[in-house]
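Peer 1: Use the sequences and the hints to build the structure in full.
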Amino acid sequence: MTKPLALAIKWVLIVATMAGILWIATKLAQAGNTMAVVIAGLVGMGILAVYATRRSVPLKYLVPGLLFMTLFQLWPVLYTASLSTTNYGDGHLYSKEESVSDIIAQSVREVPDTPRYKMSVATAEGGDPVTADLVLLLTKPDGSVYVGDKKGLQSLPAAGVEKTPIGKITKAPGYTVLNAKQANARSKDLSAIAVPTSDGGGIKPVGLSEAFEGKATVSYDAKADKLTDTSTTPPSVYAPKDARWVNVADATQSYPQGWKESVGLANYTRIFTDPTIRSGFLGIFVWNVVFAIASVLSTFLLGMLIALLFNDPRLRGKAIYRSLLILPYALPGFVTALVWKGMFNQDYGIINQTLNLSVDWLGTPAGAKAAILITNLWLGFPYMFIVCTGALQSIPQDVREAATIDGANAFRTLRSIIMPLLLVAVGPLLLASFAFNFNNFGLIYLLTKGGPFNGADTSIGSSDLLITYAFRLAFSGSAPNYGFAAAVSVIIFLLVALMSIPGFRRTKALEEIN
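For reference, each letter of the sequence shown is one residue, going 1 to 514 in UniProt numbering.
Keep in mind that a hint or two might mislead.
As the list claims (entries may be wrong) - Listed below are the simulated DSSO-like cross-link pairs for lysine-lysine, each with C-alpha atoms no more than 30 Å apart in a straight line: (1) Lys188 x Lys168; (2) Lys171 x Lys118; (3) Lys27 x Lys181; (4) Lys150 x Lys140; (5) Lys449 x Lys369; (6) Lys151 x Lys226; (7) Lys150 x Lys96; (8) Lys150 x Lys241.
Hints in this document: simulated from the structure, not taken from any laboratory. These numbers come from a predicted model, not from an experiment.
Peer 2: Shown next, in the form of structure tokens:
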């Protein structure tokens, strides 16, 4: 490649990158995320400073890796940690101001004797029908047309507007009208829309074709920080409590729209002080450690023994045997887990039928844990077999011959020569396997879903790992608590890190063997 062509390609890539960052910064600015805009700007300036000059040659190679590490490793960890100090969850998704706006919008009731609008649901032209902000294209009985969004009602120029005979808008310049299927898929977003009007009222959709003009029955007193609902007699007053609007006269009544706020270390305190969670958490942690260690040891030992067998030059047909043995590793893990789940069925499973047993593998705590370890052994040993095979083939043959000349038998050669050299290569992978199995969500979820459960308490299962427990806290139940689940995830991260440090030190010591 000639120098001018390489230079041209370089500047095209720089300009394209800057344009992409500018587009991202614009979207972030529209969302009101000032800090993210500043970070995007700093990243753009850094890229320009590194790649637009002939200096900092090492950084030209390091910057892509650093950016991807920040985006896909550091940022998720930091975001999860920040989320763990909040009450973020179902009913606590937005700011306090947004909760007030939503409650007031939901309280809009139709004003008697007011005309209804013919309505079409649309997005800004080019917007994604699934995610873009919705607008209402409205036609009054007198034929005048308007567009309404959260900012208010505005006149729509008649030029280019097409309507059905009953007045429903089918086409408008600058907007994409959604069809019935697309609009119905956004029914939840549509129900939350209330276009504010100049007299303090609002326009709300009725179905997919009409909208009415109404008045809000709830008002907010910013000075007193209270909501008043005039639809009841006497009017109900709501005050903030535990990040929700609670009825002052009856604490059992509250609005579902709460708000997200910082709770400090309350989520972490709850893990270690709540008796139910604490007892369950400790039990899950013990099983989690046992499962990870047993999985690593069993898969490694089986994989290593088979690799040692196939490393014998006297064995014929090794290529065929090796191909057959890695089949469990080649098949999708979720398929294999579901197959094993069927095989462990107490009444119809092939395991009980073949061995003439009636073990309730998935219905008892001990049976479920045994089933998990057996399934994971089947899934994991091919990986260890492949790794050990490669490591064994890298050990020089003259080292083994020297041990034989010195009088070492096969076991002594394995223990004193092969194993130390094997662990130099395999040691870091064993640590990685431990971390993977410590968070092996897919196997547990597909095989047992964390069960069996004790009685009616479905929050903690007998075969739960910490990661499946966190998932259940975040996405199950009547009020998922993402902040608390994030705190559990941070604890998992710290536990894995602390347990991995001694292993890494031991691996470093093994390197001295070479």
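Peer 1: Take the hints in turn and mark each one as holding or not.
Peer 2: Hint check results:
Simply put, Lys188 and Lys168 have alpha-carbon atoms about 22 Å apart, close enough for the 30 Å limit, and the pair holds. Taking the CA atoms of Lys171 and Lys118, the gap is near 14 Å; set against the 30 Å cutoff, the hint holds. The suggested pairing of Lys27 with Lys181 holds, with an alpha-carbon distance near 28 Å, which does not exceed 30 Å. Restraint check for Lys150 and Lys140: the C-alpha separation of about 19 Å stays at or below 30 Å, so the hint holds.
Only pairs whose Cα atoms come within 30 Å are accepted, and Lys449 paired with Lys369 is accepted, the gap being roughly 12 Å. Distance restraint check for Lys151 and Lys226: the Cα-Cα separation of roughly 24 Å lies within the 30 Å cut-off, and the hinted pair is therefore satisfied. A threshold of 30 Å between alpha carbons decides the hint, and for Lys150 with Lys96 the separation of about 17 Å falls inside it, so the pair holds. Taking the CA atoms of Lys150 and Lys241, the gap is near 27 Å; set against the 30 Å cutoff, the hint holds.
Hint compliance for this structure: every hint is met.
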